[in-house]
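Undergrad: Here is what each chain is made of, one letter per residue.
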Amino acid sequence: MRSLLGFFKGLNTLLLFIPVSIVLHFTPGMNPLWVFAAAALAIVPLAGMMGEATEELAKRLGSAMGGLLNATFGNATELIIGLFAIHEGLIDLVKASIVGSIIGNILLVLGASILAGGIKHKTQSFNQDQAESHAINLLLATLSLAVPAMIASHYHQLNTTQNNDIVNLSIGVAGVMLITYLASLFFSLKTHEKIFRSNDAEENEEPHWSKAKAFLVLGISTVLVALESEFLVKSVEGAAKSMGVNEVFIGIIIVAIIGNAAEHSTAVMMALKNKMDITINIAIGSSIQIAMFVAPVLVFAGLLMGHPMTFIFNMAELAVIGLSAIIVAFIATDGKCHWLEGAQLLAAYVVIALAFYFLP
Amino acid sequence: MRSLLGFFKGLNTLLLFIPVSIVLHFTPGMNPLWVFAAAALAIVPLAGMMGEATEELAKRLGSAMGGLLNATFGNATELIIGLFAIHEGLIDLVKASIVGSIIGNILLVLGASILAGGIKHKTQSFNQDQAESHAINLLLATLSLAVPAMIASHYHQLNTTQNNDIVNLSIGVAGVMLITYLASLFFSLKTHEKIFRSNDAEENEEPHWSKAKAFLVLGISTVLVALESEFLVKSVEGAAKSMGVNEVFIGIIIVAIIGNAAEHSTAVMMALKNKMDITINIAIGSSIQIAMFVAPVLVFAGLLMGHPMTFIFNMAELAVIGLSAIIVAFIATDGKCHWLEGAQLLAAYVVIALAFYFLP
Amino acid sequence: MRSLLGFFKGLNTLLLFIPVSIVLHFTPGMNPLWVFAAAALAIVPLAGMMGEATEELAKRLGSAMGGLLNATFGNATELIIGLFAIHEGLIDLVKASIVGSIIGNILLVLGASILAGGIKHKTQSFNQDQAESHAINLLLATLSLAVPAMIASHYHQLNTTQNNDIVNLSIGVAGVMLITYLASLFFSLKTHEKIFRSNDAEENEEPHWSKAKAFLVLGISTVLVALESEFLVKSVEGAAKSMGVNEVFIGIIIVAIIGNAAEHSTAVMMALKNKMDITINIAIGSSIQIAMFVAPVLVFAGLLMGHPMTFIFNMAELAVIGLSAIIVAFIATDGKCHWLEGAQLLAAYVVIALAFYFLP
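Residue numbers (the working numbering), protein chains in the order written: chain A, 4 to 363; chain B, 4 to 363; chain C, 4 to 363.
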């Protein structure tokens, strides 16, 4: 854990971008690209701090409550950015960043971890039962995301239909996904917690921080993430124009990377320590959490805010999620991994990034 | 087997709906919804009786002929309903009920069984070789169903094209599927019957019924299923209007559940007895039988009746079959199951049902 | 190896079609169907000779350089036919023959091998690690082929858009695939060559030919394949009209079979000798080579020749590649095979061939 803390300290220099982003945001006539960049860089260490504080708190709360806290607050950054973006009516950006977080975790994060770990350790192995359980979970989440869109696209010819039926269906699907997510927490924390008890557990599971410190850091970082998210969301359209790229690319690639940078570095470090169970937990677990918890919560939040977000993703988004989930499932059921698989996952991510850069 | 018979006796009170449906059908001005409901309820125990009689007869015929009888008569209810619906020209309803039977068996029946069995028995395991063989069979059936539609949709832009080429292709594909189905029977009954010889075989494989009784029950129940199928098919359009739901939903969800209710209860009971091999045989085996035997036979029957049914399913139908088949394949190759996988399969089924309820 | 050489000698009588095709090609008013047929039959033994000479040379070059030679020259026939077809501007034919080679190898070649081997040997097993590595490679190649097309089809509604963005994206994807292919060679020849060192290695790995003979045969057969490829490509449109079939069918089925006939026979013979590792290496390895080496090289060649070939395959083509790859992955991760799986792969191939015959 020490090298991890060291890395976070390194990241912490990025906290300087908090005052920078505030100044830029309030400077009249400022190019929104600079605001966007500063806010994005500021979010990276803040997301890391939120994650660190959540874990410290989780250790003090015992396994069940701690697990629940991790499961709901583990992707809080994505949730907060999503809420602000919905508030601005940037529904397509939110959907793109959900898709980007899902594939970012299973292609970029997992790919980089397997590549780095595989170069250091020739063959790495992991708990097959746990990986399989994750993989099936991910495939079922994919099915739930894909089915409404595919049926809608067949009968309506348009993905964008925002009629009542689509909204009602989205609420129904979001409800089913949240219930299934709760069921899977009950499974992994209560009835079958042994499957998920890894041999790779941290040597030192005692909390480093006092409860008060954990609460304080969590509170402050959450407030600051919220502030930076607002800067980010308000500057995104201008920044996209300024860079000459489309908003879908920004959502799928850039926003998704910002929100997952901290997880990314932890996953790679665990792979280098040959603790692949933790790496897989982070990468696949995060994808599942985005699909089955963050996305449904954003659907409900959208309704309350008067900007209904449907659960209808477009075919291009579903194709990348579906194919990625199938590949990850094969890698996971294998129980072993080599550096080439990591390189291939990264190659798939680059191909997807290129396609979203050139096409929309 | 005793508790199973007990359950069938409970179901048998539904036989009262036979006279009820006859009276309702011939009452002038009757709301078709009531005819539909009565016929549907009457079919449930009749389908159970047909299945029971088929199995009793199969035991007396020896393993090869018995296997063949099971393989052709095992889904006779779906076949009979399909024939009457084709006769009425309700081609889309037939296709929807084929799709509904396939996913009903692998999501609803298998999901409920794994959930119920998993709550009673913490971890259940099953014969991986047999499950894998079933899963690959199911995936190949999926490919054969999907390829013509995908190619047709690309080149014609319309799924509904009813031209000569599509009809000829449908005959060709139906032929290939029937031959492959026969090959798979030859495989499981002759050349590799050991893979399919389960440890979970019934304690008491002796027939309970005389040959004469089995024949009599099979004959009577078949005639009555045919009668009720006609009532069902003639009232379905009026019933759909009366309920305010679309016909696709009725085909995919309601008709499919009616035809599979008996299998459903047997599969769940076997899971509760921790005989997962039988459960998986029923659920996946039934799906394969529908796809590779019932569907091709209906294509040929449609030609003979002058209502050609093409083998071109729509993208929404194929998406749900394809994704379900892939998930079931991963669960099957795993060799183990837990209650959560059952809950997830059920969740997928609910999402699909919601989508077909709101969208078409 | 002796029976293999015997078989090649049998094939060698087809070399008579070289002079026949030359005479037919230069006969004025000749029906192009006869030129096409003669050139096709002449290519079959020439492709076999190229393969044989490549392997002999590879044995003399040592494992690393030999592996590299096999990896680049292993599908030289497809590459040469592709180059001539691009030169004639027959871009759709080239794409169709790429798709046809991929599915021809994993459905027709692998299916026939498993069927033939499975009838002789009840159950055949193979190195699961190697097969899994191949399968994951194939799935990642599929993802890379599919993603650009799916995103393009969503945003442009047209697969055929030949604008600048699509060309740039195609170059980018082709580059990523070539780099990944090089990485996978480095993996299998250098860092993890043990996984790929089969127990089924040929008893007699010493070269049969002198270096000079190998070079000579390789040179002559390459020149003749080039000559016959030109005849083939120049007569294909006329031949298609004359047979009354569409060009897509010719590309996907006929041209693909011509180019793979030699591999086909070797794979079946190895399966009959119960050397399934070699069979799987040939079948899946060839598909991967076509997707990740031949296709990208043709993209770059097209640019240089002024006939840009995009990396955008149509949905029908991607559907068959995707579903085939998933099925092969399940068969491969299983580690065992039976004749039924072979029959099912062949059935899938027949269904695809029927669909491409009737529909485009």
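Each hint should be verified, as a subset may be incorrect.
Identical chains share a label here; the pair holds if one copy fits it or two copies do between them.
Straight-line C-alpha distance at most 27 Å; calculated BS3-like pairs for lysine-lysine [as the list claims (entries may be wrong)]:
# : residue 1 : residue 2
1 : K62       : K123
2 : K123      : K193
3 : K216      : K197
4 : K276      : K197
Simulated from the structure, these hints should not be mistaken for laboratory data.
Undergrad: With reference to the structure, classify each hint as holding or not holding.
TA: Verification of the supplied hints:
1. In this homomeric assembly, K62 and K123 never come within 27 Å of each other (Cα to Cα): the closest approach is 30 Å inside a single copy and 32 Å across copies.
2. With identical chains, the CA atoms of K123 and K193 are at most 27 Å apart between copies only, with a shortest distance of 15 Å across copies and 36 Å within one.
3. For a Cα distance limit of 27 Å, the shortest separation of K216 from K197 qualifies neither inside one copy, at 31 Å, nor across copies, at 52 Å.
4. Taking the shortest Cα distances, K276 and K197 sit within 27 Å of each other both inside one copy (22 Å) and across copies (24 Å).
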